[in-house]
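Place chain F on chain Z using the hints.
2 protein chains.
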Amino acid sequence: MDYQDFFKIKDDWNIKIEELKDEQLVHYGSNLLCGNGYLGYRGTLEEWGKDEYQACVITDTYDMADGKWRELSNSPNALFTEVKIGGEKLGDYPDEDLMTTELDFDYKYGVFKRNSRAKNSTAEIVSERFASYDNLHLIANKYQLNNLEENKVEIRLGIKGDIWDLNGSHLENFSGEYDSEKNILYLKANTVEKNIDLITALSFDFKKGDIESLKVENEEKSIYLLLKIKPENKVVKFERNMLVYSSNDLKNPLEKAVEAAVEATAEGYQQLKQEHQHVWDKKWELMDIKIAGNQLDQLAVHFNLYHNVIATPAHSEYLPIGARGLSCQAYQGAAFWDQEIFNLPMFLFTETKTAKNILKYRYHTLDGARKKAKDLGYDGAFYAWISGKSGQELCPSFFFKDVISGRKIRNHFNDWQIHVSPDISYTIWKYYIATDDLDFVVDYGSEILFEVARFLHSRVHYNQYKDQYEIIRLLGPDEYHENVDNNAFTNYQTRYALKKALYFYYKMENEYPEKLKALKEKIDLQEKEVTAWQEIAERIYLPEPDENMLIEQFDGYFDLEDTTAEVLEERLIDKQEYWGWPNGVAVFTQVIKQADVIQLFTMHDIFSEEVLAANYDYYEPRTQHGSSLSPSQYAIVAARLGRAEEAYDYFEASAFIDLMSTNKAVSGGTFIGGVHTAAAGGIWQLIVNGFAGMNINRKGLSFMPILPEEWDSVEFKLNYKANKLKIKLSSDSFTVQASASNKTSVEFKVEDKHYKAAAGEEVNIKI
Amino acid sequence: MDYQDFFKIKDDWNIKIEELKDEQLVHYGSNLLCGNGYLGYRGTLEEWGKDEYQACVITDTYDMADGKWRELSNSPNALFTEVKIGGEKLGDYPDEDLMTTELDFDYKYGVFKRNSRAKNSTAEIVSERFASYDNLHLIANKYQLNNLEENKVEIRLGIKGDIWDLNGSHLENFSGEYDSEKNILYLKANTVEKNIDLITALSFDFKKGDIESLKVENEEKSIYLLLKIKPENKVVKFERNMLVYSSNDLKNPLEKAVEAAVEATAEGYQQLKQEHQHVWDKKWELMDIKIAGNQLDQLAVHFNLYHNVIATPAHSEYLPIGARGLSCQAYQGAAFWDQEIFNLPMFLFTETKTAKNILKYRYHTLDGARKKAKDLGYDGAFYAWISGKSGQELCPSFFFKDVISGRKIRNHFNDWQIHVSPDISYTIWKYYIATDDLDFVVDYGSEILFEVARFLHSRVHYNQYKDQYEIIRLLGPDEYHENVDNNAFTNYQTRYALKKALYFYYKMENEYPEKLKALKEKIDLQEKEVTAWQEIAERIYLPEPDENMLIEQFDGYFDLEDTTAEVLEERLIDKQEYWGWPNGVAVFTQVIKQADVIQLFTMHDIFSEEVLAANYDYYEPRTQHGSSLSPSQYAIVAARLGRAEEAYDYFEASAFIDLMSTNKAVSGGTFIGGVHTAAAGGIWQLIVNGFAGMNINRKGLSFMPILPEEWDSVEFKLNYKANKLKIKLSSDSFTVQASASNKTSVEFKVEDKHYKAAAGEEVNIKI
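First to last, the sequence lines map onto chains Z and F.
Going left to right, the first sequence walks through residues 1 to 767 as my numbering numbers them.
Going left to right, the second sequence walks through residues 1 to 767 as my numbering numbers them.
Source of the hints: derived by calculation from the structure; they are not laboratory data.
Ideal placement from N, C-alpha and C gives every residue a C-beta, glycine not left out.
Treat the hints with care, as some may be off.
Pairwise CB distance ranges, derived in the manner of DEER restraints [to be verified]:
{"#": "1", "chain 1": "F", "residue 1": "466", "chain 2": "Z", "residue 2": "5", "range": "55 to 61 angstroms"}
{"#": "2", "chain 1": "Z", "residue 1": "215", "chain 2": "F", "residue 2": "570", "range": "51 to 57 angstroms"}
{"#": "3", "chain 1": "Z", "residue 1": "404", "chain 2": "F", "residue 2": "259", "range": "56 to 62 angstroms"}
{"#": "4", "chain 1": "Z", "residue 1": "562", "chain 2": "F", "residue 2": "561", "range": "35 to 41 angstroms"}
{"#": "5", "chain 1": "F", "residue 1": "561", "chain 2": "Z", "residue 2": "5", "range": "44 to 50 angstroms"}
Chain Z on its own, in the form it takes in the complex (with noise of 0.2 angstroms):
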């Protein structure tokens, strides 16, 4: 397929949408979506309503309408408009001829732009919009019409209840006002399970003189104004706000979004935006990553990088990363394991405090993950496969569906996909030895590595035969297989979580001795659990590579039969089949969804070269890519093969996932569209691990640098233990430049040769 085919390079930063594709109206939504961490506008027209999927998803709003899903709220549309002049609509709707229209938009600043041209008149809509930075309530629109002739104009704008939801509608007793005196309609609302209030205000300002008349039309869910326009305007134009608060943001949201929504208008749409602007010009100083020699992939390294931040609540250290951020309701805006591993690496290097505050979301939620722990009869924190805000377990068992007989499926992602707890535990340990900073370790993290021991502790099982720790019935990375025992990936991870728990456990007695006294009479921590953590981590099983340096995904991987995502394609019964547990095509093959093993390597550098290389060649050929957490970590490994074409392939397939929709929208009957912000966050890893091939460990910081051919350079900021570092690779050089303002030399390994930069020095290495 051709980008062309789906957009146009502007410039570094944005892109042209030249004509509209009905059936591409999902993928619209999702990459063209104004967000900032607390809301997410989708990229649709203002006409437009939930069936082209319009909805501005809302942070801290998990709500459950249909007694299964609980999912983020949408609120409703302040931003909806419908034009008609002379009785005849005008807009650009699906399936109807009527519009001509072009969309742009700014990956810097997340600005929409439409520009649509009627086709049986000479009427034009131009509108654009951000989600702002400096509040985030706040969508700020301006809209014009152009080139009216002389006829009867009327414009129906106000807010919209009656909008797109994945499962249930979530908000009920719709009360809306119109508050002339202000000009400010507000719409409240609360959700149906929670009862969390949702205000939506609008605050708009016409040129004076404009309206002939208005009249506020007051329906069941929404409530609009009808603006007659003067026939002598051949122009109208106007700026709104939509302001969105809850109940969950502050205690009288409805006083706080007629005030902000007041105080929008006064500012002004192009002082909003330079407010916007500011804050993501100092979020692109040490984020940005600047590729020479092609533009299609600057811009689209531009595009995942934008996702990964606007998909974070980097405002809150008590919300999630949902895994399709805030593009829609799909996997409930809540965080998978893909929040820590995906997610976080980016900001660990660049926005320390909003990693931090991710970790510490999962510190709010240790109680979330001790339920869920109690309820299956474990110990400790088992923390949700699906986190919402309280950490709760919010996957339900049964989700996807037999598309054949329309049976539902038990899926065990809730209870057998154990990694996400050690995955957390290995990120507190990267986030320490990339910031040295022990007191979130004594404060924080400690409780959540011990639980996460605890938990583990409770959860394996001796085999006295083999004398062996054994993980009995998982579902590794690869979800293709459930059920399996000894995933070698959950199995070193464990390891890693209980060594990481015992090493701070012991600086703890030595430098902390007070409070860890105190965190063990907390959480009642015995020392015979502490000596368990020991045995447990000393006799784990760990799948060691072969004598064909092959390292085992499972037990009894090796055994199935052996054959390709194309085969298993051709033995699909109906495309919409679920591939996984417990019937679908690649449950008895070794076809792997995802990186599993290879996710091994790209997290854990201890295995040789050789044996990279052996299991690469293997599993490459037997993984679909099924999961858009995939393409980066093949990509990764292949770098440190150096394999740099390989890895360039795979860059591809990774950072055009969305921008060319080549991933589908629905499985096993579940609805899982949306932007894939674990990709976006895995292109930051796939240039800076893999072709800088950028390594921390208690060692220090180290690179494997190489460059694809398709690049002439890629460069990029690292924020090091406090230091600041700017990296530039090109094909035979890698340049370190510390920056000026450092405190210390910084010291690393290129290869295998040891470099010091001290503050201000560039150092160049010939590679």
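Chain F in isolation, oriented as in the chain Z frame:
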């Protein structure tokens, strides 16, 4: 349903079927089977072929024709007979209204009789046959055509090799011959996989002078004689003998078959029948159960005892009892746990040598069980779920199918249903205490006990957190719930098996140190293994009655949806659906296929009546009885609880499973028809262990008698520690009569009181 829809009662031993129903052909074939543990000739008419499920199943002919199912082979049909009168065929063919047939079957001697009258002439066919217990290779038949009008009569008889097979044709390289001197036809063939030679011979004796001409017809798989009968004959009668020998029986089966065929003809039908009946008379002397006051039940009991006997290859210590006996190829003619737990108990107390042979079969198949354990990564002996001659696992991994999608289903009977191994250990113990046959245990049983203990050692896991051994990923007796942990039945059986292994280990250490030493060397048994058995036996988790006195069938069972089989029936999309793993209607509910916790109670006399009552009341309404193994076990517990009428209802359910065809012949696309031999064996237990409440343990023999009001009395015999007892139970008395030939007096308990019966003494107890 009324039994008269299926058969009429002639007397205590004989049933009559007055008119054949086409839809009952599968069941007639099985129910009216002539068999002797070597072969089973289905209850079909001489003119029938494969479309009418004609088959003669031969023991010890395991062979795989379709690459999937290794099953017993069917022999060619040497009783095939086609009659034409004036060119018109005579016979009772399904869907053709040519004759009416009455069938009689005698369950005392296994004699099948037919009497057919033509509808458009006076002609009759009268025939009878039996499978000899005097020569197990012989089926003798007497065949007669009556009331022939003067017409052209042609009889085509011979050996038909084109036969019914469940899973592919097992025979090839047919070669037939007619020896006109001896008047013998024979057909030689060999099995396709194992190349077993199978000889079918036919000798016959016509009244001289009846035949006008004779022509040999050699077809590809068959050999026939076409006989033209002299038109003046009003009656044509002949005797014939079908003989089957295989190269697994002896070296030169052809020679032997011909010789035996000649001998049989020389003896003549009447003499052969007498010799055959003599063997049965001796069997019934101890095996018969006499019910007074209900002839239908008496007949049904005879039906079940007969089928348990003829299913059992009592002549060999190398062959299993098929789950469908020799009634058809379903279940591969192979042993399941049914063999020890359902078929064997009757023999243990009536024909001890046969019980020993059954257990010796498990000794001879130890290598198969060792191989299975090794293949699956375990140690010791993991007995096959479906065990043929070698004891290697015959159970294919895929055999049910999703009848809606047609996709095959992985069924884990072969790797997760482990209780068969401890079930065998359990039975060795019961054999020992019933017989005092320590030699058997020392020379055979101990090796089984130790290897099973070894397997269990390698199969359990220690949960360090809970300080208990657990058994993870199981199927208990209830096959609708696979992949469960700590199935109560299996865990209790495991401890029992370990304890009995330890008991005999120490007993041999004291009493047979040399034999123990030799055995330890033979199987390389280490002291530390024995220590491990001890530890596991002490610390294995045994689900105990909870606050409601309930034992949870497995971890989490009580959390499943609580519903009934009737409700699930309505959820079926297709009536043929398999209810179990992985996505059948019962999987996520508390509906169980069969007795599981209840099975635990019938085998372990360690729970209070209160516990029995609570669990019976809980599990009973949740049990589908989708297995024929189930009703007898519920009956036994009901009887223990003094609920004679409930027990009687389950007697009815169990005794008539085959007689009234209440069980389905196809499940999940797999043919499972044939005689339910375990249910047949279960009837003996139901009466002896249920109504008489007989139990043996190390403390001795005991009874808890209770009689259903439908019976006046029930009478049976027991062979206990080489003493014979005749027991009679009526509504108010319980009589134990010790045989005059007993060597010692026999002590026993009835209810709570102790009694003793000296040789020849009769003890009468008021109840």
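*Cβ-Cβ distance between residue 562/Z and residue 561/F: within 35 to 41 angstroms?*
38 angstroms, holds
_Within 44 to 50 angstroms: is that where the Cβ-Cβ distance between residue 561/F and residue 5/Z falls?_
For residue 561/F and residue 5/Z the Cβ distance comes to about 48 angstroms; the hint holds.
*So does residue 215/Z sit 51 to 57 angstroms from residue 570/F, Cβ to Cβ?*
With Cβ atoms ~55 angstroms apart, the hint holds.
*asked:* Between the beta carbons of residue 466/F and residue 5/Z, is the distance compatible with 55 to 61 angstroms?
replied: For residue 466/F and residue 5/Z the Cβ distance comes to about 58 angstroms; the hint holds.
_residue 404/Z paired with residue 259/F, Cβ distance criterion 56 to 62 angstroms_ = 59 angstroms, holds
In summary, the structure agrees with every hint in the numbered list given earlier.
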